[in-house]
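Engineer: Using the sequences and the hints given, assemble the complete structure.
Residue numbers (the working numbering), protein chains in the order written: chain E, 1 to 350; chain G, 351 to 700; chain A, 701 to 1050.
Hints are supplied without guarantee of correctness; some may be wrong.
As a list, the in silico EDC-like pairs of lysine to aspartate or glutamate whose alpha-carbon atoms are at most 20 Å apart [unchecked claim]:
1. K178(E) x D437(G)
2. K880(A) x D911(A)
3. K530(G) x D787(A)
Don't read these hints as lab results, they were simulated from the structure.
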Amino acid sequence: MGYAMNAWYMAAWASEVGSGLFARRFLDIPIVLFRREDGHVVALEDRCPHRFAPLHRGRLAGGVIECAYHGLRFDVAGACVHNPAGDAIPPQAKVRAFPVHERHHIVWIWMGDADLADPASIPDLSCIPNEPGECANIGNYLHVRANYLLEIDNLMDLSHVNYLHHGTLGNDSMRGHKVKVHEEDGAIHADLWMPATTAPIYSPLFGQPCDQWTNMIWMAPSCMRLDYGAVPPGEPPVQLPEDIAVHILTPETARTTHYFYGTCGVFGPDQREFAEMIRTAQTAAFVNEDNPMIEAVDERMDGADLWSLRPAILSSDVASVRVRREIEKMIRREKAPASEEKAAAEAVVV
Amino acid sequence: MGYAMNAWYMAAWASEVGSGLFARRFLDIPIVLFRREDGHVVALEDRCPHRFAPLHRGRLAGGVIECAYHGLRFDVAGACVHNPAGDAIPPQAKVRAFPVHERHHIVWIWMGDADLADPASIPDLSCIPNEPGECANIGNYLHVRANYLLEIDNLMDLSHVNYLHHGTLGNDSMRGHKVKVHEEDGAIHADLWMPATTAPIYSPLFGQPCDQWTNMIWMAPSCMRLDYGAVPPGEPPVQLPEDIAVHILTPETARTTHYFYGTCGVFGPDQREFAEMIRTAQTAAFVNEDNPMIEAVDERMDGADLWSLRPAILSSDVASVRVRREIEKMIRREKAPASEEKAAAEAVVV
Amino acid sequence: MGYAMNAWYMAAWASEVGSGLFARRFLDIPIVLFRREDGHVVALEDRCPHRFAPLHRGRLAGGVIECAYHGLRFDVAGACVHNPAGDAIPPQAKVRAFPVHERHHIVWIWMGDADLADPASIPDLSCIPNEPGECANIGNYLHVRANYLLEIDNLMDLSHVNYLHHGTLGNDSMRGHKVKVHEEDGAIHADLWMPATTAPIYSPLFGQPCDQWTNMIWMAPSCMRLDYGAVPPGEPPVQLPEDIAVHILTPETARTTHYFYGTCGVFGPDQREFAEMIRTAQTAAFVNEDNPMIEAVDERMDGADLWSLRPAILSSDVASVRVRREIEKMIRREKAPASEEKAAAEAVVV
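Structural biologist: Written out as structure tokens, the structure reads:
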């Protein structure tokens, strides 16, 4: 069904993009990323317009990429600034440049109409501290062989924690609680309040009775923030900033996804072991439990649209369905701006 | 061209299905098999109707599968018996259950219209002894990357033995004998009588002159029984029950096949070595000679229908062509029951 | 867009084809090659017309192939000469035989209309010496995962040498020289004259000032001859026969190519080390520099026609574009002989 193009997607962690040429595919389009000498990140289509060589195989000097095949050079705007054959530069000799913006240790990219690229619409991930400390648990990345919407489904319905992650992230006491969903400023909140339960392994109260919560917030197009907490039963549920995690997805292709994740605690050198423990536990759950399941679901669906398969929808699906509806609305709006209202009215209602 | 759906296919050897969840794909449909507490085998579609997780990744307790992803539970009839979200069970929350029947140490499955599933039409493999002994040579399985009809072609034309298996299962003296084909009660018999020939390696008369025979019987949709024997020249050709082999094929996908095989001798502990020798020789011939050839043919045909390639048909093809015609007739009958006669009349005649 | 069928393609080096059965795919058609007892090379379709087994798995005796599956036999003309079932030979029992011709240590094959196969149109590779010596640098082969036209583009625009092979085959001084293109007897010449430059590593003048040249000649459909030379500045540019290389491409499939190459020097036993050095340097450049780039281009183009991607064309592309136009003309001529003039007139002009 395509992608929402006019939106900010996470391209990379800021730390991934240095002075070299960094290649990654987003929304089926190959992109090369690099930093200008002033530190600003540049994103160009990773395909020379001459003979279609990947530009990331080239050389970067003075903010100019030289194609490794025949030597055409392109500036940070994608304009050809050197024709090695010595003639005038032909009009086709240019590559598309994509708006990028660096914020919250993240490089954001805009794959759609550049005129609409307003940094104000970058998802609010100010939960990531400006100075996360030298042992921070951000910068994590997984490559997933599944459509990105299946990852969003996974994250927006945390009831799966108590089955798929039973014994690791979840336990029996956490089952059966009702999610409350609401929208706020375009973000969709899925709040799960689990009073009088047993704290799971990642909580300092592990094994003890507690009131706990997982509040997941989706921000268009595919960013999620998870506010977690556990307090002794009856105490006020104060949200600690360090108990916030981020899960950010960017489609690579229709059936592969970039998955970026991390937690928002500030960790100094003395907390290296603790930060590493969290990273390891989180990654183990994703790699051993979530990813095999999500990839198996993608294989079972075999590229079919979710609705065409007529899924049984449960009340625990409310948030993920609303997110899918929002994304479908974004895509429809881009495809036929004028007839948006009509298309929305005709959309299949769950 | 599709499959005959209203037929009993071999799903597994009885010994393959135990108290755990056993996944296998038949006719392009993923299935999970397991035994109820009373020992009966159950076959369900291996895809949760909620978010399409493979059910075989789940947990089985008290004859109920719990999906590993979000905890929906299904009974042996495929009905959802637990909605973890705590609400009423939505009507889509059910999985298809498939008729299964256990007979002759084999689990049979019916992939078509359940109302038509009559165990009386299970292929007669009573040649497999009820008590095959603890060293029996049944239970063998190979996965083949080829359409199942190519395996049937292979088995219904045993003239290939004297070329493809020359020096192993066949020899020069066995060439050029005419197959006699007849139909009996819907089964197609391909009888090859080879008088005054030299016995091949798997016969107790190996290297000696003999009268020998290989009589292959096809039973719909894809079971074959091979009656073999060799006697000193001129002696009556008595069929020994232990010289019978079974070859059973089930399509996995259009271009992959489950191949089950074995022999019908009863082997006690003292015959372990002999039974193992037969198994090894048989498997070696299939793995080293038949499978590479059949897979190479499948690759050369590249998914094309046999007839569309206009094969040169020899008299040795009579049996395999008749079997293909029978299977085509079954498929036509299912697709357009009323116009069967007409369709048959229009079918390409070889 | 298909292939030019009525043309001589290189099937193999003469040394590759012996008394055994040699399988290779050309223009999407599987072929089996072998030598008759009189030494002549035979090319047959590598697919038995009976049950589509690859014939190269069979046995060759007395110039007759016996199919390994059911024993049909075919002579060098592709006629079935033995029906193992003992009946008349059915009319479909024949395989296509392809004209082949051995010349210049090369086996040439004609994949199109056999009536048009005139050895006079075999590309002139008389530059390959009749007696290249026992250490000759011919007989080299690479398998490339890219459309063959991308290899031709690569070879007909040697400006890439100074970028892709910078530091190995090329250097800065060799950049920016204008190629001169002309046609002669149907061959397209791309002459690059580089006066007052520095000799590259493969020249005896390595590192010294020189006048040098690379003159590439394309002969239909996909043979190239490279005349190279370097002389001290101002001296007459005498072409040494040993400084000639051949690059010959044959499509295997739409996206894979057989790449044959070599040089034309005569090397005796005392020059084994030198010949081996040239072979190693050449192969290293192709394997480490050209092939990864050409395969990456093929992947970026993903099967699209070059023109549909609207490439930026530089003056250095003149020769490769002319060659592509010639090949397109050959294909059009074969598809619609009568309307050739019209089609040519309508062709997209670069």
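Engineer: Determine for every hint whether it applies to the structure shown.
Structural biologist: Evaluated hints:
Restraint check for K178(E) and D437(G): the C-alpha separation of about 10 Å stays at or below 20 Å, so the hint holds. The hinted pair formed by K880(A) and D911(A) meets the criterion: a straight-line CA distance of about 16 Å does not exceed 20 Å. Between the alpha carbons of K530(G) and D787(A) the distance comes to roughly 15 Å, so the proposed pair stays at or under 20 Å and holds.
Hint check: no violations occur; every hint is consistent with the structure.
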